[in-house]
Amino acid sequence: MEFELDSGNTAFILLAASLVLLMTPALAFFYGGMVRGKSVLNMMMMSFGALGIVSLIWVLYGYSATFGTDIGGFIGNPTDFFGLQGATDDQSLMAATGVPFLVAAGYQLTFAVITVALISGAIADRFKFGTWLVFAAVWVTVVYIPLAHMVWGGGLLGGGYFLDGALPLPIDFAGGTVVHINAGVAGLVLAVVTGKRRGFGREPMRPHNLPFVMLGAALLWFGWFGFNAGSEFAADATAGRAWLNTTVATAVAMLAWLGTEKVRDGHATSLGAASGVVAGLVAITPAAAAVDTWGAIAIGLVAGVLCALAVGLKYRFGYDDSLDVVGVHLVGGLVGTVLIGLFATNENATWYPEGAANGLFYGGGVGQLATQVVVALCAVVFSGLATLVIALVLKATIGLRATEEDEVTGLDLTTHGETAYESLGAGARVVTEVK
Amino acid sequence: MTKLVTAVIQPHRLDDVKSALEAAGVRGLTVSEASGYGRQRGHTEVYRGAEYTVDLVPKVKIDVLVADADTASVTEVIVRAAQTGKIGDGKVWVVPVEDVARVRTGEHGDDAL
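For the protein sequence lines, the chains are A and B, in the order given. Counting from 1, position 320 in the first sequence corresponds to residue 320 in UniProt numbering; the numbering is continuous, with no gaps. Counting from 1, position 2 in the second sequence corresponds to residue 2 in UniProt numbering; the numbering is continuous, with no gaps.
These are computed hints drawn from the structure, not numbers from a lab. Hints are not guaranteed to be accurate.
[Claimed, not checked] Residues of chain B clear of chain A, computed beta-carbon distances all greater than 12 Å: (1) Met-1; (2) Arg-41; (3) Thr-44; (4) Arg-48; (5) Val-103.
[As the list claims (entries may be wrong)] Chain A regions said to be covered by chain B (calculated; three or more residues, Cβ under 8 Å): (6) 265-271; (7) 307-317.
Cβ atoms here follow ideal geometry from the backbone N, Cα and C, with glycine treated the same way.
Input sequences plus hints: build the corresponding full structure.
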């Protein structure tokens with residue numbers, strides 16, 4: 001079929017890509033506000049570092065290895081579109097909706113970037129910045145790209161292969177497994193292999209700037225519309241459904257997190273509101289176009305309560321997932337992915353994957369639920385094992401942790417030669433002339 | 001003999017204390033930020049379920065140099081202006097000062113106030 005440009009859809013996807021790209025600097029604010037003032041720049045730099053390294057890898061071979069010709073169900077051919085050369089718009093991932101090749105490739109780039117950046121929250125305040133850049137490059141290559149290929153690029157967990165028709169096809173509208181479960185598991189593994197921050201559980205490590213956290217959450221919510229509505233690849237009713245479900249689930253999750261806090265701690269906090277927002281956004285991501293408004297409300301409610309309770313697990317089990325990548329992204333991602341099996345419905349939907357069934361509560365039986373659980377487990381096992389290997393190799397070679405002295409002094413000064421706030425560099429004077 | 005009256009008070013009472021001291025004829029004072037605790041022992045904050053006890057509470061410290069004869073009245077003015085009746089209102093104390101010099105003129109003692 002000859003490619004026919006749809007300027008409306010193309011404009012929409014360019015805008016959606018820009019929104020998703022904004023999510024990574026937004027995440028830098030969200031995470032940056034939650035760490036101590038002596039390492040806020042380092043925290044934000046991990047997101048910016050991911051923006052740099054993953055964008056480059058994506059245009060070189062990442063897109064091609066995700067969406068190129070399938071090799072054994074695991075990965076695409078990295079040479080098909082190496083350097084994004086050699087493709088026509090007929091080969092665009094979004095050819096069916098009239099969006100050119102490069103626009104589709106750019107949109108997918110933003111997903112890879114944010115997924116890597118999400119992991120950094122688990123290793124705040126103690127990870128070597130150089131190792132982080134190497135990790136980002138290796139992880140996106142060995143974990144993100146294969147999993148994205150398996151789910152979205154025609155691989156093992158997608159339509160052609162999945163259990164050979166034994167179960168309904170999985171539903172992951174905008175990245176519950178590829179983005180959130182994947183990043184959440186990787187964060188858990190990396191946090192455990194890296195070890196706890198010095199003083200974890202003894203010294204106060206409270207957020208140094210909650211307005212940053214609120215700002216970051218607000219920008220994430222805004223950018224997430226590009227994530228969820230944009231995943232329709234077209235400006236149509238399904239994109240609208242995804243937009244509305246995203247907002248509804250997020251609003252409910254925020255209220256649910258605040259309610260949980262009020263009952264448990266006596267206060268509804270701003271950090272709780274910001275966290276509830278992100279938990280809701282995560283959970284509705286895979287389901288955004290596959291549930292009705294009641295489904296979105298239910299998913300938001302469950303995600304808000306469960307994620308608010310899950311962030312306490314690290315104290316119980318003694319791992320230092322510093323900024324709760326596990327509690328928010330892994331648990332939120334699992335909630336959304338599994339609840340699709342209960343709430344998915346093709347009634348009044350303008351989009352529904354061929355081969356997927358309705359959820360248990362919408363007359364589809366347990367088939368879709370089984371599928372969603374199997375896919376979630378596959379993502380957990382694959383991401384967990386692959387990340388473990390990468391982390392152990394890096395630990396044995398270039399090392400994961402900053403020195404004790406650097407960690408105690410703060411990574412801003414020791415790694416980047418900067419301090420975020422004037423009070424931290426008090427007494428500074430000029431020692432060089434203008435160069 | 002000059003005296004140094006030092007008061008540690010609630011930050012939100014500073015404006016009232018300043019006005020009251022001005023009205024009482026005190027011509028100069030020094031204000032600094034301070035933190036500490038008395039009987040109230042701070043407060044508790046909870047972040048994502050992690051509980052922190054904050055011992056040190058923000059306070060404001062006021063230092064006023066006064067002539068011996070005015071000490072009791074200045075102390076009284078501060079106490080009245082700073083008082084809210086709640087726990088954490090602060091303390092006022094007086095210590096003797098051996099000498100005071102005004103930098104601009106070189107005057108000493110009560111003349112330098």
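For each hint, the structure was consulted:
no.: 1; hint: Met-1; verdict: holds, 37 Å
no.: 2; hint: Arg-41; verdict: holds, 16 Å
no.: 3; hint: Thr-44; verdict: violated, 9 Å
no.: 4; hint: Arg-48; verdict: violated, 5 Å
no.: 5; hint: Val-103; verdict: holds, 24 Å
no.: 6; hint: 265-271; verdict: holds (count 5)
no.: 7; hint: 307-317; verdict: holds (count 4)
When held up to the earlier numbered hints, the structure conflicts with 3, 4 and fits the remainder.
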